[in-house]
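Visitor: Chain residues, written in single-letter form:
Number of protein chains: 2
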Amino acid sequence: MTRWYENIVLDEVFDLGEHTFGEDEIIRFARAYDPQYFHTDPALAAHSHFGGLVASGWHTAAVGHRKMVDALEAEEALLRGRGEEPGISGPSPGGSKIEFPAPVRPGDTIRYQLSVYDKRHSNSLPGWGLLFNRIAAVNQRGEQVYLSEFVGFSKLRDYRPDLRRRVLLALIKLPLIGPLLKRAA
Amino acid sequence: MTRWYENIVLDEVFDLGEHTFGEDEIIRFARAYDPQYFHTDPALAAHSHFGGLVASGWHTAAVGHRKMVDALEAEEALLRGRGEEPGISGPSPGGSKIEFPAPVRPGDTIRYQLSVYDKRHSNSLPGWGLLFNRIAAVNQRGEQVYLSEFVGFSKLRDYRPDLRRRVLLALIKLPLIGPLLKRAA
Numbered sequence: 001m002t003r004w005y006e007n008i009v010l011d012e013v014f015d016l017g018e019h020t021f022g023e024d025e026i027i028r029f030a031r032a033y034d035p036q037y038f039h040t041d042p043a044l045a046a047h048s049h050f051g052g053l054v055a056s057g058w059h060t061a062a063v064g065h066r067k068m069v070d071a072l073e074a075e076e077a078l079l080r081g082r083g084e085e086p087g088i089s090g091p092s093p094g095g096s097k098i099e100f101p102a103p104v105r106p107g108d109t110i111r112y113q114l115s116v117y118d119k120r121h122s123n124s125l126p127g128w129g130l131l132f133n134r135i136a137a138v139n140q141r142g143e144q145v146y147l148s149e150f151v152g153f154s155k156l157r158d159y160r161p162d163l164r165r166r167v168l169l170a171l172i173k174l175p176l177i178g179p180l181l182k183r184a185a
Numbered sequence: 001m002t003r004w005y006e007n008i009v010l011d012e013v014f015d016l017g018e019h020t021f022g023e024d025e026i027i028r029f030a031r032a033y034d035p036q037y038f039h040t041d042p043a044l045a046a047h048s049h050f051g052g053l054v055a056s057g058w059h060t061a062a063v064g065h066r067k068m069v070d071a072l073e074a075e076e077a078l079l080r081g082r083g084e085e086p087g088i089s090g091p092s093p094g095g096s097k098i099e100f101p102a103p104v105r106p107g108d109t110i111r112y113q114l115s116v117y118d119k120r121h122s123n124s125l126p127g128w129g130l131l132f133n134r135i136a137a138v139n140q141r142g143e144q145v146y147l148s149e150f151v152g153f154s155k156l157r158d159y160r161p162d163l164r165r166r167v168l169l170a171l172i173k174l175p176l177i178g179p180l181l182k183r184a185a
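Protein chains in written order, with this note's numbering: chain D, 1 to 185; chain W, 1 to 185.
Take the hints with a grain of salt, since some may be wrong.
Stated by the list, open to error - In silico lysine-lysine, PhoX-like type, Cα no more than 20 Å apart, as pairs:
id, chain 1, residue 1, chain 2, residue 2
1, W, 119, D, 97
2, D, 173, D, 155
3, W, 97, D, 97
4, D, 155, D, 119
5, W, 97, D, 119
6, W, 155, W, 173
Stated by the list, open to error - Per label pair, the in silico range of CB-to-CB distance:
id, chain 1, residue 1, chain 2, residue 2, range
7, W, 15, D, 118, 33 to 39 Å
8, D, 157, W, 77, 54 to 60 Å
9, D, 128, W, 158, 49 to 55 Å
Because the hints were derived from the structure by calculation, they are not lab data.
Note that the Cβ used here is the ideal one computed from N, Cα and C, for glycine as well.
Okay, chain D solo, but in the shape it has when bound:
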């Protein structure tokens, strides 16, 4: 996220734009990562439970991630253009939900949207917060085709170590006490 942790408003929706899935692209992704016949062979796929070719769920997810990266980079450039300093994102340790309620078929135009549904300070990494992100996507008929929830680290703008940590950091600088304390910090 390009906003600072402190500025994130829960459930505010960021539009990530849309992507039209071509048949060639669906087949190319599936040949590399998900070569099941209903993702790679239109003729055979007609006899599957989907009744036709559908995109691999991993493809739908990967395109959503790409749309997010592009949108956040564009917003970052916009903020810098205005002379503002964008927030700093960290790595993502993973996610807690990934759903494919309806298939994505060739020619479908999928619109992705990002929101942050929760946030808290990190317990393990002082100075960082955790954002609980949600990406939801619908097709041109408004049917939901994708939902994911995943965690991302986000640097705190207003971080100031607490008293205990500041005392420890000061003591660590002393030549004799420091080495004894480093483990506790």
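Could you slot chain W onto chain D? The hints should help.
Guide: Just chain W now, kept in the frame of chain D:
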């Protein structure tokens, strides 16, 4: 899963084989789906929190899926070769966990393993069961780099509709009563 739902033993481990992630391949995937500098630019990545180029988590996940599809197809061919009828997999409605506890770097060899940690009959789709699958992956030093949990439909071999459903199915065949009952079935 190529075994019948009834034959699935919980927590039995299926080895899916290993994959060595090349730098070119990491960059190619990331340019398409996750173009953040620590996935696409080795020189800049050295200054990131990862200290070097790392694979996109979606890449690690997609390769794991590919390994699973390949392994299950191979087992299916093996079973047919023995004159046995393999079980039938359905679509996956999604997952409840996806974790990247450590990064995958160029040259890392990742071993993927599949297990089924739970199963139950489907409430929505008579004749089918749900398998709760887990894919776990470790690098050449035994460090876990990936963990995912996702659901898959699996056809029941020994399914027989219950009495209520059999009566409904019989009544539906009658010309006058059928149309009235179809909604209830």
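Visitor: Hints first: check each against the structure and report whether it holds.
Guide: Each hint tested on the structure:
Restraint check for residue 119 of chain W and residue 97 of chain D: the C-alpha separation of about 19 Å stays at or below 20 Å, so the hint holds. Distance restraint check for residue 173 of chain D and residue 155 of chain D: the Cα-Cα separation of roughly 25 Å exceeds the 20 Å cut-off, and the hinted pair is therefore not satisfied. Annotation: proposed proximity of residue 97 of chain W to residue 97 of chain D holds, straight-line Cα distance about 6 Å (limit 20 Å). Straight-line distance between C-alpha atoms of residue 155 of chain D and residue 119 of chain D comes to about 12 Å, which keeps the hinted pair within the 20 Å bound.
With a C-alpha separation of about 19 Å, the suggested pair residue 97 of chain W and residue 119 of chain D falls inside the 20 Å cut-off, and the hint holds. For a cut-off of 20 Å, the pair hint linking residue 155 of chain W to residue 173 of chain W is broken: about 25 Å separates their Cα positions. Judged by the Cβ atoms, the range 33 to 39 Å given for residue 15 of chain W and residue 118 of chain D holds: they are separated by roughly 37 Å. The given range of 54 to 60 Å is respected by residue 157 of chain D and residue 77 of chain W, whose C-beta atoms sit roughly 57 Å from each other.
At roughly 52 Å, the beta-carbon separation of residue 128 of chain D and residue 158 of chain W lies within the given 49 to 55 Å, and the hint holds.
In terms of the numbered hints stated before, the structure departs from hints 2 and 6, listed from lowest to highest.
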